[in-house]
Amino acid sequence: MSAPHTLYRPPHRRPSVLATLCVAVAGVLFFYPFLWMFLSAFKDNREIFKPLQLLPRAFDPQYYRQLFNGEWIPFFQVFTNSLVVAVLQSAGVVVVTSMAGYAFARNRFAGRGLLFILALVVIMMPQQALAIALFSWLNTLGLVNQLAGVILPGLVSGLGLLYFTQVFRQVPDDLVNAARLAGASEFRVYLTLLPLVSSALLSFGLIQFILAWHEHLIPLLVLSSAEKQTLPIALAGLYGSSLRFPYAVLMAASSLILLPTVVLFALLYRRFQSALSELLAH
Amino acid sequence: MSSARANRQPYLLLLPFFALLAAFWLVPLLGGLRMSLYSNDLTGPGEYVGLANYRALLDDARFFKALRNTLAYTALSLVTILPLALLLAQALRMTFTRLRPPLTFLLLLPGLTPPAVLALLFLLVFHGREGLLNQLLVEPFGFKTINWLRDPDFILPALVLQGVWRWTGFITFFFLAGMAAIPKTLFEAAQLETNSRWRVFWSVTLPQLRPVLLFSAVYLVVDGFATFSGAYVLLGGSGGTADAGLLLVSYSYQQTFTFGQFGTAAAMSVSVAPLMLGMLVLCFAARWRRTH
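The listed protein sequences derive, respectively, from chains A and B. The opening residue of the first sequence carries number 1 in the working numbering; numbering runs sequentially from there. The opening residue of the second sequence carries number 1 in the working numbering; numbering runs sequentially from there.
Treat the hints loosely; a few may be bogus.
Claimed, not checked - Here's a subset of chain B near chain A, in silico, CB distances under 10 angstroms, partners left out:
id, residue
1, Ala-226
2, Ala-273
3, Met-276
Everything labelled a hint here was simulated from the structure, so no lab data went into it. Even for Gly, the Cβ is constructed at its ideal location relative to N, Cα and C.
Just chain B, with the same shape it has in the complex:
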């Protein structure tokens, strides 16, 4: 009796979501596909050029540079942020209860700050020889001052550092919530067997945190591919010296608004999408295999 009712009603609940999805995701996606098949005309509707934009992309060394940079940025962020956040979350668990919220909050503050502001702070922090990082952490240890935003070897690390500063607190917060969700009995059982905090962490905490780890990894991968604001503000919309800080989003922004190459920019977005999809499917597949 209620099956007829239940059959139509769910669609009504889904309607707003899928209407907006169609209007603001599917249409731009198809529009991007179409755009990538037309010539780069700023003045009017260009002509159909087939796959020419894609072929041009294959010859574009800057595209591959941007792709490499983005992959490196994402990978470096992952391998820095996840262990660091894990360490901090565990340390926060072990600290005095009263100190936990204020300390967590200090770590979270960069995550509550718009990346444009973080980048501005970074401009001043990294600013040449007088920069905070050089004065505080590089020179006192006897290293030569680093010109973070000019030296091509250090531009990408500077961007990663900024990402680490921004996200570590939030990921720590997620890990803390995940740790709080682990049943106490599991810890008690493990503590009967061993006195080593390290082994309890390794045998109970880490395996139980797997879903949160997966979520964080997916989040950071998506964010890595979408990173724009920091690089845009830090490098003034360019790729930096020798394009060392050129990322995919900033390159397609540049292609569109500096060079008017709509078609090339669209071809770039379209080519990157399957790559990202593949990476995320890999992430999910790893989880799927473990649980099934």
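Looking at chain A on its own, in the form it has when it is part of the complex:
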């Protein structure tokens, strides 16, 4: 039995040129608008509305200069706002949901099932559905036009709870028991386990960073003044703001808005994929 097994070359192992072509075509289709966007940051308005013309006449960085000069939006201020929101929100979500996930995965206590279901119901209600009521509540709290008004409501994630409950369930029992026998409090045990699940923490943090970086509705409702806005809101506001507005500035800003998520994703790509596969393998 072992001889045919070792001799057998599964056809799947040979890379397929056809499959590669298929993905490459999809990749080019997905990527072309971005290539066009990067290059359009150097075009005037007449050139921009010809999507088939890829290259600009000249690579003059004047539109980047206009963006940085703050002629259209307080770019650096808005970029910083976005960064503050995304960093604090993603870090906060990871701390809050991983603690709760540990408690659900590793402890028995009264009301456990009920609380878990309550949390699950939260996932099913997208915050956007509650947005109007949330806005008026934030108004009561005095959090309107404050970055905290965007960050705080984003700190709870039902998905995060599910994820970390599963992650902590997969930690070997021996490690948890050893820490408990040493007399550590549950909080201490949780802290000791953190390095073990670092990939999971980083992966979920990455997802939350991306979601916070992209969020449109809540910041649009909460942040009214130009200095408090986040990048997507400022950009959407620019579009069609005036007839002589150069779209290249929009393209320049849109190219830069990609940087943080792309860099983070590229750095964490491997860890993210292996953390996900490990979670799914059980």
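Given chain A, put chain B in place with the hints provided.
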């Protein structure tokens, strides 16, 4: 001995989560319920009107239009993205190892881009006759140019297309991770029986991917109901021609901030919640039946 200790400590770990849940989900939810029972007064606290806002909603053709559009958007996204991502993930598995990360990355790039920016790119991509889509894919094949954002037959497909562009890469990534998690022995066993890639995919890969498929479906349903940014930017906050692109979130935004109808908007959110819950319970129930 440790039971007393273990009894109190978990609650402390849960405290931040449930405190924030109460402060920023339960209170707005109850506030929304209350708001839906009061008149639409912008100037001050309105008066109690009972279920009048809900009755008004039942007579509101635009609400049903928005509901239909949202359901259609969600369903169309699901049936496009899931098979496409499955296909791409399988193709990526079959490609040269060295090419896999860069190709995956190309597919993921739209997912890393804020939807507001995707929508701006789309505005230019779909822009009338000179638009990329018309020039590149419609006219060369001899079709008449499509006015994607004006023609009511094409507004919703344009929104779906944008959703597909945004999410396919991420879902492909999830599927890839799920495929990597399938025990090799299962493939080896299947390959002893058949030489057909298609049959191995059908009998091993697909059933093993069920949890990831479920997760992706749930994610896309939730996202479909919450979709706002794309439609808002593409259609300038309106519903588009003949409301063909009016979605629930954009309609309630419009009701609140254009017409000042707080009560109606709140009634709308409250009515949609059970519907969504029902759909997701269905998703989970399908999984539950299979595993138990």
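Each hint, compared with the structure:
A least Cβ separation of about 4 angstroms between Ala-226 (chain B) and chain A falls short of the 10 angstroms threshold, and the interface hint therefore holds. Among the interface hints, the one on Ala-273 (chain B) holds; its C-beta lies about 6 angstroms from the nearest C-beta in chain A, closer than the 10 angstroms criterion. Residue-level restraint check for Met-276 (chain B) holds (minimum Cβ-Cβ distance to chain A is 6 angstroms; threshold 10 angstroms).
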